[in-house]
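Peer 1: Sequence:
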Amino acid sequence: MAFVENKKAHFDYEFLETYSAGAELFGYEVKAIRAGKASLLGARVLVRGGEVFLVGASISPYQEKNTPASYDPERARRLLLSKKEILELAEQDGKRGLTIIPIKWYNGNRKVKLEFAVARHKKRYDKRALLKAKDTKRHIDRTLKGE
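Numbering follows my numbering, with no gaps: position 44 of the sequence shown is 997.
These aren't lab readings, by the way, just hints derived from the structure by calculation.
Every value quoted in this text rests on a predicted model; they were computed, and no experiment measured them.
Be a bit skeptical, because a hint or two may be false.
Capping the alpha-carbon separation at 27 Å, the derived lysine-lysine pairs in DSS-like fashion look like this [as the list claims (entries may be wrong)]:
id, residue 1, residue 2
1, K990, K960
2, K990, K1066
3, K1066, K1048
4, K1018, K1037
5, K1080, K984
6, K984, K1075
7, K1090, K961
8, K1066, K961
Simulated DEER-style distance windows between Cβ atoms [as the list claims (entries may be wrong)]:
id, residue 1, residue 2, range
9, D1025, K961, 45 to 53 Å
10, K1098, F979, 48 to 56 Å
11, S1035, L1084, 45 to 53 Å
12, D1025, G975, 16 to 24 Å
13, R1049, E1027, 24 to 32 Å
Each residue gets a CB set at the ideal place from its N, CA and C atoms; glycine is no exception.
Taking the hints into account, I'd like the entire structure generated from these sequences.
Peer 2: And the structure:
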């Protein structure tokens, strides 16, 4: 069950390899994610200094009055991965034309996890072909249903 999804990522990017990781979050951030008060639009994953960070994701306060005054909803959050996975991501991040995009926050064994992917940006004609295929399928389904 996904709490928050980045639906635009499926349309804009071609996923090459997906990963799953825990994140260093505060308790009120976990509650906010479970309540769906988060956004992954415009977010990305960066590999810096042997660590992996989620940057640009916004997690709104769960309860405004119980959140500390110094809380930054768009702070960088460290992701928890093995050294082997971090090295793989660092290698992928260095390649030209590839980026690491968060896909969704989900519940993994009572813990909030982040699923992200190494992705390549789709070209405009790829997006058009996808929309045309979807439209054609919809038309065929409507025609068959009418018979």
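Peer 1: With reference to the structure, classify each hint as holding or not holding.
Peer 2: These are the hints, each one checked on the structure:
1. The straight-line distance between the Cα atoms of K990 and K960 is roughly 15 Å, inside the 27 Å bound, and the hint therefore holds.
2. Distance restraint check for K990 and K1066: the Cα-Cα separation of roughly 15 Å lies within the 27 Å cut-off, and the hinted pair is therefore satisfied.
3. With a CA separation close to 26 Å, the supplied pair K1066 and K1048 stays within the 27 Å bound.
4. Simply put, K1018 and K1037 have alpha-carbon atoms about 41 Å apart, too far for the 27 Å limit, and the pair is violated.
5. In summary, the hint linking K1080 to K984 is not supported, as the alpha carbons are separated by about 35 Å, beyond the 27 Å threshold.
6. For the proposed pair K984 and K1075, the alpha carbon gap of about 34 Å is over 27 Å, so the pair is violated.
7. Of the pairs offered as hints, the one joining K1090 and K961 holds, with about 21 Å between alpha carbons and a cut-off of 27 Å not exceeded.
8. About 19 Å separates the Cα atoms of K1066 and K961, which keeps this hinted pair within 27 Å; it holds.
9. Between D1025 and K961 the beta carbons are some 24 Å apart, a value that contradicts the proposed interval 45 to 53 Å.
10. The hinted window of 48 to 56 Å between K1098 and F979 holds, with their beta carbons roughly 49 Å apart.
11. Against the hinted window of 45 to 53 Å, the Cβ-Cβ separation of S1035 and L1084 comes to about 38 Å, which falls outside the hint.
12. For D1025 and G975, the hinted distance range of 16 to 24 Å is satisfied, since their beta carbons lie about 20 Å from each other.
13. Between R1049 and E1027 the beta carbons are some 27 Å apart, a value that agrees with the proposed interval 24 to 32 Å.
Checked against the numbered hints above, the structure violates hints 4, 5, 6, 9, 11; every other hint is satisfied.
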